[in-house]
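J.: Single-letter residue listing:
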Amino acid sequence: MADATHMPAVRRDPFLSPRRRRAITTVILAAICAVWVYPLVWMISASFTPNTEIFGNGGLIPRNPTVENYTRAWREANIGKYFFNTLFVTVGSVILTTIAAALMGYVLGRRSVPGKAVLMALMVFTLFIPQGFTIIPVFEFLAAIGLSQSLWGLMLATCGHSIVIFTLLFAGYFSQIPKELEEASRMDGIGPVQTFWYVMLPLAKPIVVTVVVMQTLQAWNDFLLPLVITLANPALRTLSVGVYSFRGEHFIDWGGMTAASAITIVPVVMLFLFLQRYFIDGLAGAVKG
Amino acid sequence: MSGVTLKNVKKHFGAVEVIKGVDIDIQAGEFCVFVGPSGCGKSTLLRMIAGLEDISGGSVSIGERRVNDLDPKDRGTAMVFQTYALYPHMTVERNMGFGLRMNGMPKDEVAERVAKAARILQLEDYLKRKPKALSGGQRQRVAIGRAIVRDPQVFLFDEPLSNLDAELRVATRLEISKLHKQLGGATMIYVTHDQVEAMTLADRIVVLRDGRVEQVGPPMDLYERPANTFVAGFIGSPKMNFIALAPTDTGARLPDGTTLTPATPVAARAVTLGVRADALHFDAAGPITGQVTVVERLGDAVYAYVLTGWDQEIVARFDPNTKIAVGDTLRLGITGRTHLFDAAGIALPLKQT
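From first to last, the protein sequence lines are chains A and B.
For the first sequence, counting from 1, position 90 maps to 99 in my numbering; every step adds exactly one.
For the second sequence, counting from 1, position 171 maps to 175 in my numbering; every step adds exactly one.
It is worth saying that the hints were derived from the structure and are not from the lab.
Every residue, glycine too, gets a C-beta built ideally from N, C-alpha and C.
Careful: at least some of the hints might be erroneous.
With a cut-off of at most 30 Å between alpha-carbon atoms, the simulated DSBU-like pairs for lysine-lysine come out as follows [as the list claims (entries may be wrong)]:
| # | chain 1 | residue 1 | chain 2 | residue 2 |
| --- | --- | --- | --- | --- |
| 1 | B | Lys136 | B | Lys120 |
| 2 | B | Lys111 | B | Lys77 |
| 3 | B | Lys182 | B | Lys120 |
| 4 | B | Lys132 | A | Lys188 |
| 5 | A | Lys214 | B | Lys111 |
| 6 | A | Lys188 | B | Lys24 |
| 7 | B | Lys132 | A | Lys214 |
Chain A stretches covered by chain B per the calculated footprint, using a threshold of three residues with CB under 8 Å from any CB of chain B [said to hold, decoys possible]:
| # | segment |
| --- | --- |
| 8 | 186-195 |
| 9 | 198-207 |
Input sequences plus hints: build the corresponding full structure.
T.: Structure (structure tokens):
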């Protein structure tokens, strides 16, 4: 639309002046946006509405607003406990995944490793296996090392989701950094670990942020894996599984479920708001490479 | 200050031999320039001295120490890279002091050394900046500063001026030359493919080709007494003219049959005559006749490219105000120093009158 201003005056349609075009575009976009946002707004609205009124066709603004859904969800439905379970799994898996992916990516991107091509191909191959096929072996494996009934086990298993993609992201980024930087640090007498930590990792900041954000989202929102692992142990549930538990056999507690959902998404939204600039940089950088 | 001695140094990458036995003895405090066309192995040789490349054979000594198996940091060398290789996320100050800090030197001492290097290189106003905010010349100075703070026995420069534009290259060249004196005549080894840099900076030049040393000597020695056609052609600008000779009983004939005047003594084995542009002059009785094809006026000299009767283009230097035009027919005599080479391209002893 902006190019309309660069058009020669002769071709300008008096009805579709640039200003009107912008107005029309805005209206259309606003309509699409409203459709997009409606479910989210409904969820927030329902979370402040008593259960009896939710489907009472009262519009999006609750008639008798209440925070009772939130207190019920936090205390009685254990969402408070699940929140900290999720936090543990997320933070732990983000730290482990980021460090492991960065180290592996550094080696794969910059060193000549015997069998590197085969290794890379195998890693890429694993991307094509749906999670459903691996979830039972993963559970068996956790059981074998005695971690199937602990948050640690869930956290470790959560690390595995996208670590291949993260490793490839790091490898791609590190492979572009000129080798003279490493040689310069070698001449300076700086060891490989220090070079990685003080020179290479700071340079890979966009990728680090991308990996942190993506792994956070993944771990926070993961459903299938925590569902399977916590099936026998409700105390270990994460938020997404906890939200699902509002669905009873005969009755669905919509108020509690939407309140729990709202609690679930707030941290993720905040994280994205804080990091979005770096996040987009990182993805753009990765695509450029 | 230490010298550097290379003894029969060899390097191969797999089956490919890139350095084929090099012996060089660099004196302490000397400014030594390795020069040669790309692919001659000059950078590889430098990196072997630095410790960034393994040494396949022979020995490298710095001072009295054999350093073949030492880590780069233990060799007492510091390197300045063509691409500067500054750490992009660190300030100038931290770039220069990083290596020292990482090796456990106290903060005060690092700061003192950085300040001193910054003073020498006039970088004091830029210490808090990141490399991104510096010009190419300033970045290269920071890279040199990073070498200076290590107080090395030997400075290694790997084509440090190649990424700078022409004007900065000349300015930085002067600075490096001054720096050599300022640092009390530190030993410096400098790699370049630019023979002008080699001529202007070096105490001694090592000309390399295909992993072998072609000639070692002070710049003017190489210019005046090149050991072979390769060195003769590589050193000096414009390039030396090489004219084929056919030996005769009395002297030698040029390709068009003209007999060279007796003023040019010709050894019986000579098959090539080397004449620099400044050894050719107008001479109505001279042996070389040709037509001017290109005239280059540089202000301080005029270079005329002359197509001879045997279809060879040779270049001659004239005074700035000489009137020459394309298409003129010139007759040139040889008055300056000439060089004679045998069939293998090796220089024959001059018997200049």
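J.: Are the hints correct? Go through all of them and say.
T.: Hint by hint, here is what the structure shows:
1. B:Lys136 - B:Lys120: 23 Å, holds
2. B:Lys111 - B:Lys77: 20 Å, holds
3. B:Lys182 - B:Lys120: 16 Å, holds
4. B:Lys132 - A:Lys188: 25 Å, holds
5. A:Lys214 - B:Lys111: Holds, because 27 Å separates the two Cα atoms, which is no more than 30 Å.
6. A:Lys188 - B:Lys24: Roughly 26 Å between the alpha carbons, so the hint for Lys188 (chain A) and Lys24 (chain B) holds.
7. B:Lys132 - A:Lys214: 21 Å, holds
8. 186-195: This one holds; 7 residues, not fewer than the three required, reach chain B with a Cβ under 8 Å.
9. 198-207: Result for this restraint: holds, n = 4.
Checked against the numbered hints listed earlier, the structure breaks none of them; every hint is satisfied.
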